[in-house]
Amino acid sequence: MFRLQGSKVLAVDMTGDAVKAKNGSMVAYDGQMTFKKLSGGGEGIRGMVTRRITGEQMTVMEVKGHGTCWFADRAAEINLVGLQGDKLYVESSNLLVTDAGLRTGTTFTGLRGASQGNGLFTTTVEGHGQAAILSDGPAVVLRVSPQYPLTVDPGAYIAHQGGGLRQSFQSGVTFRTFLGEGGGEAFQIRFEGEGLVYVQPSERETIAGDV
Amino acid sequence: MGFREINSKMVEAALQPGQRLYSQRGAMLAYRGEVSFTPNLQGGQGGFLSMVGRRVAGEATPLMTVEGRGTVLFGHGGHHVQVIELTGDTLYVEADRLLAFEGTLEQGTMFMGSQGGVMGMVRGQVTGQGLFTTTLRGRGAVAVMAHGGVFEVPITPQRPVHVDPQAYVAHHGDVRNRLSAALGWREMVGRGSGEAFQLELSGSGAVYVQASEEKL
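In order, the protein sequence lines correspond to chains A and B.
Note that full-length UniProt numbering gives residue 201 to position 201 of the first sequence, counting from 1, and the numbers run on in steps of one.
Note that full-length UniProt numbering gives residue 90 to position 90 of the second sequence, counting from 1, and the numbers run on in steps of one.
Extracted from the complex, chain A is given alone in its bound form (with noise of 0.2 Å):
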């Protein structure tokens, strides 16, 4: 159901059915579709507050219909995630689209999601189906395995995927980053255990890219 046309660009056929997708990310669509805004951070009253507290704003609108959509975002490479019961940790800028029936939520990142210049707080998707995630240019993923942990650049990570992944954040700083001789890569994010890791070719703006 999810086919990807070139790197940049998703098509979805649909009958019937609907997927979540990032506001505004629609570019065409054939046959006839439905846009409907939803909210992040899950539905109702609960929903609402864990929006407003968090401030992990998803503009997220619901895409039903027949036909194919297709769905691109300021040109950013797009790459396919199957979930099959786990759960996928992703910035909610970075999320594009995701079958209908997983089930986005909130999670609290602390200090790890402050040093990616994301805020404290990050999207989870979970169960059963495939997501859409954005990276500026292609992305790899890394696999993580007990014997082999993996480190991070907070501003080339963008999604992880696995329960059993833990992750610690690591910080380099030293009084030589408070000379001005800093190497630029005074904090990583560690992940340790089982799981895997999405890493753009890119780095974000993030303060721990000036220090």
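You may find that some hints are simply not true.
[As the list claims (entries may be wrong)] Listed below are the simulated DSSO-like cross-link pairs for lysine-lysine, each with C-alpha atoms no more than 27 Å apart in a straight line:
id: 1; chain 1: A; residue 1: K36; chain 2: B; residue 2: K9
id: 2; chain 1: A; residue 1: K87; chain 2: A; residue 2: K37
id: 3; chain 1: A; residue 1: K37; chain 2: B; residue 2: K9
id: 4; chain 1: A; residue 1: K64; chain 2: A; residue 2: K36
id: 5; chain 1: A; residue 1: K64; chain 2: A; residue 2: K87
id: 6; chain 1: B; residue 1: K9; chain 2: B; residue 2: K215
Rather than coming from a laboratory, the hints here were simulated on the basis of the structure.
Use these hints to put chain B onto chain A, whose structure you have.
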């Protein structure tokens, strides 16, 4: 002649004496052989009247005439380039998206308001494309620029296509287009899906859509 795609952002044209092509001024990247580039004040063919028409229409992107014998590389601003072959039909495209086109094509300007009346004018404003668009008709190749990659969606009488006005690049064929507005109360109270306006293209032909909602 035609254009050969070197990569997603560059095309090459092979020129023979007697052939001519037009390109956006400054879009030449490199050339081999004896090739001359002359500024084209008229902005294409069509004589004085069409020049006035284009000035008024604001579709006066400076063009240059390219003639001679050799090969020329074109590219501009790191934009993606899509080559479209015309076989007697008409291509509708914004002047600033034109990278280069063969001299065999006949250039003109079309008043967008003439399709769809008042909505046609509104469409120009919504899409940020103004009220006029450039037309190219005949047989030959056109290189068009876009932000991100371009994909082609066929339009058939059974399957009209809706396009986000910001992602629309060009279309060709016997196609009617009109702006459809899905303005409901949700849009008024700021609960819109962000897809309030769409270009509806019906008839037979094809529309080119870019993988981005940013203008060039």
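Verification of the supplied hints:
Only pairs whose Cα atoms come within 27 Å are accepted, and K36(A) paired with K9(B) is rejected, the gap being roughly 36 Å. The hinted pair formed by K87(A) and K37(A) meets the criterion: a straight-line CA distance of about 24 Å does not exceed 27 Å. Among the hinted pairs, K37(A) with K9(B) is inconsistent with the structure: their alpha-carbon atoms are about 36 Å apart, more than 27 Å. Only pairs whose Cα atoms come within 27 Å are accepted, and K64(A) paired with K36(A) is accepted, the gap being roughly 9 Å.
Between K64(A) and K87(A) the alpha-carbon distance is near 24 Å, which keeps this suggested pair within the 27 Å criterion. Note on K9(B) and K215(B): the hinted pairing holds, with a Cα-Cα distance of about 16 Å set against a maximum of 27 Å.
When held up to the earlier numbered hints, the structure conflicts with 1, 3 and fits the remainder.
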